[in-house]
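> One letter stands for each residue in the lines below.
There are 2 protein chains.
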Amino acid sequence: ESSNISDAANIIQQDLSPPEAAHILESCPQKVRHLLWGLVNEEDQGEVLTHLNEDIQQQFLEEMSAEEIVETTQEIDNDDLADILQQMPTEASHRVLQLMPSEERSQVEGLLAFPEDTAGGLMTNRMVNIRGDVTIEAVLRYLRKKKLPKSLDVLWVVDRTQHYQGSLALTELLQSPPEAIISEIMDTSIKAIECTLHEDKVAQIFERDDLVSAPVVDADNILIGRITIDDVVDVIRDSADHNMMRLAGLDEESDTFAPILKSSQQRAVWLGINMATAFVAAAVMSRFEASIAQIVALAVLSPVVASMGGIAGSQTLTLMIRGMATGHISRANLSWIVLREMGVAVINGALWASVIAGITVAWYGQWSLALVIAAAILVNICIAVLSGTLLPFILKSARIDPALSGSVILTTLTDVFGFLTFLGLATVYLL
Amino acid sequence: ESSNISDAANIIQQDLSPPEAAHILESCPQKVRHLLWGLVNEEDQGEVLTHLNEDIQQQFLEEMSAEEIVETTQEIDNDDLADILQQMPTEASHRVLQLMPSEERSQVEGLLAFPEDTAGGLMTNRMVNIRGDVTIEAVLRYLRKKKLPKSLDVLWVVDRTQHYQGSLALTELLQSPPEAIISEIMDTSIKAIECTLHEDKVAQIFERDDLVSAPVVDADNILIGRITIDDVVDVIRDSADHNMMRLAGLDEESDTFAPILKSSQQRAVWLGINMATAFVAAAVMSRFEASIAQIVALAVLSPVVASMGGIAGSQTLTLMIRGMATGHISRANLSWIVLREMGVAVINGALWASVIAGITVAWYGQWSLALVIAAAILVNICIAVLSGTLLPFILKSARIDPALSGSVILTTLTDVFGFLTFLGLATVYLL
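Chains A and B are the protein sequences, given in the same order.
Throughout, my numbering is defined as the position within the first sequence, counted from one, plus 130.
Throughout, my numbering is defined as the position within the second sequence, counted from one, plus 130.
In isolation and in its complexed conformation, chain A is listed as follows (with noise of 0.2 Å):
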């Protein structure tokens, strides 16, 4: 094993980008992960602790001095600083502040002032602006003194006030004659997004328009920064992951390397939230037990009630989500959503309805038991659609994350209204 870390020292220190460092760092169990974060070039540390996913990029840095982290991250962008600091606890962070040169540190605690998950937090405030009322010929002056971003596709005009005024690409730039006005050949169809918009509708601007980098204004429009599809790219992916982890109970930042006691801990809160509603569930199964006792088929029956309700419920909660994360759903067209739902409850249950009757007759040869559950599998798809469309609304409403919580209710609701419907019925007519 030791000649394999020192291969990868040696890879890591030679070969690799700090992307890519970054992504073998987390591929790798705690032990190996320490042994070779020692072991990155340190000027190359800044770079991949900003590639770190969170949980791990703040187990290396309660590591590390306040002295180190400010030596470790000068070379790295403002933005990134910002957002490793905002996951820092606040006196640590504090800290590395005090310990930062001045015009910098103004700079990231001018980041630090907007929330983490808004244009505001997702913005660097480095950018190169230009005025719009001089010539093609004095920007191109003004551009090569400057210090410029790596990645530049467009520059941002703005009046004597600093208000947003239109863009003006690099291209444009190129090939317009030296002495046309900026005001008069920029582009404004780029519209300026407020730094206090949800990153996720940040990143739903950037899909549909697709942009590569977006001004960014306060409220009296004042351009105040600018963000780049690199950020945006890492919050589509964090969106879209939350919700598949959420729907099994899962923290999308949880390290799939984290120790395994950890790791147990944040899935075991989910076992047992899913215990107690197996439990609610049970407890209505067990109020039939007389029923059962009589009839043993309802046992074995119950359960496929249960899941067939839990399917179809699964079904459309994950197409609401998504549609929700999307932007296509929204309380604008709910009602015509649930419509639509509705009719494919109805035909998929009177359609697998009959099928499981026709399977109960076979195998049991009672109609009376294949009408009982045929009832049963038709009301508890219907009340399962119904739940799953109206649940994220109105969990949405109450600040409660949808694909968290509503697989939990939607589960617990299918499997009571199951058995309650199965057993009742049953209870009422075959005995």
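What the hints contain is simulated information worked out from the structure, not anything from laboratory work.
Computed from a predicted structure; not experimentally measured.
Don't take each hint at face value.
The list cannot tell twin chains apart, which means a pair is met if one copy fits it or any two copies do.
To be verified - Here are the simulated DSS-like pairs of lysine-lysine, each with C-alpha atoms no more than 30 Å apart in a straight line:
# : residue 1 : residue 2
1 : K392      : K161
2 : K280      : K321
3 : K392      : K526
4 : K392      : K276
5 : K331      : K161
6 : K526      : K321
7 : K526      : K331
8 : K280      : K392
Following the hints, put chain B in place on chain A, whose structure we already have.
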């Protein structure tokens, strides 16, 4: 309602960008959608088409003649056009191609040669390359005469025979002295992507290296195209959505607003498959009808055992599918992951087995029943987690989508083993 529609028409024609119009069309029921499509300005229809999801796009295209399609799409990028043609029936796309101007046609046909889900399928072949052996001044002169893509941040540098050599940022172009030679100042850190690389890998590279655009080469390192971040963002969104939707048995392209009958069909298949698996589990349970008739508590507690396994398994499955999508989990660290997940399973299995045993004693007052259910829970959680870890790998090797099939197979396993261990142990030890 008709006044609503004329309002909508006004909005669509005057105030909306094509991506916004596409978003609204996607969010409408089918009838309204067709009405609104007729109201979109003709010169915008091509752009709107490229932003629609494939299902809806093809619905509109089916109603257009080949001539109309050529007319409508003449302004859109050739990679977008290739994507549209790739979705159409071969005969129809052939008719469209034959009506196109020959130069454009050969460009589009060049793109159609690549499978849709590879780097070649993502790229555009309309790009601006520069030679390494010329000066900045010559490049500036050359660029002034070219038609440049809208959001360009870097130029690709090639040698005489079109082999990829490196990149030159537009900012570099603006800041370098006119007499500098390109090959001496170009950046060689952006590696070219081979045209056969799968789109998911392309997305991983863009995410990891924060790229805005990347060069695509053929097997001989000859530059053949350019991939831009806007197309990669779609891949990222789709692949994340894909996994979430597939876990619920949904097609990620399935239009939330498709006609009820079409949606019912798509979801019926999944309900049918799940019904079959529910009956497999029911069949296992029915083997123990004699035991259940004697101890009805077994019927009440069986679903609890199955559901705990189901939850533990689906958590592991979700983590694995996500880890495989981000590239963090591969064959290289699989054995370590299995050990780790089994550790989590044993800890959580033991924990919840004890809790459930306690609840069972409190409820039924039988220590022996409590011991049996505890053993069954522990065994089922371990089986669930082991299956959740290994299944995605086995399915992927067999070229089956782990997200789609994984969740059905896993539920079947946890139900069957849940009933089998619990009812089996009960039959042996309690009767």
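> For each hint, tell me whether it holds in the structure or not.
Against the structure, the hints:
no., hint, verdict
1, K392 <-> K161, "within (15 Å within a copy, 52 Å between copies)"
2, K280 <-> K321, "both (23 Å within a copy, 16 Å between copies)"
3, K392 <-> K526, "both (29 Å within a copy, 29 Å between copies)"
4, K392 <-> K276, "neither (48 Å within a copy, 58 Å between copies)"
5, K331 <-> K161, "between (39 Å within a copy, 28 Å between copies)"
6, K526 <-> K321, "within (28 Å within a copy, 44 Å between copies)"
7, K526 <-> K331, "within (16 Å within a copy, 34 Å between copies)"
8, K280 <-> K392, "neither (39 Å within a copy, 48 Å between copies)"
Going down the numbered hints, you'll see the structure goes against 4, 8, while the others check out.
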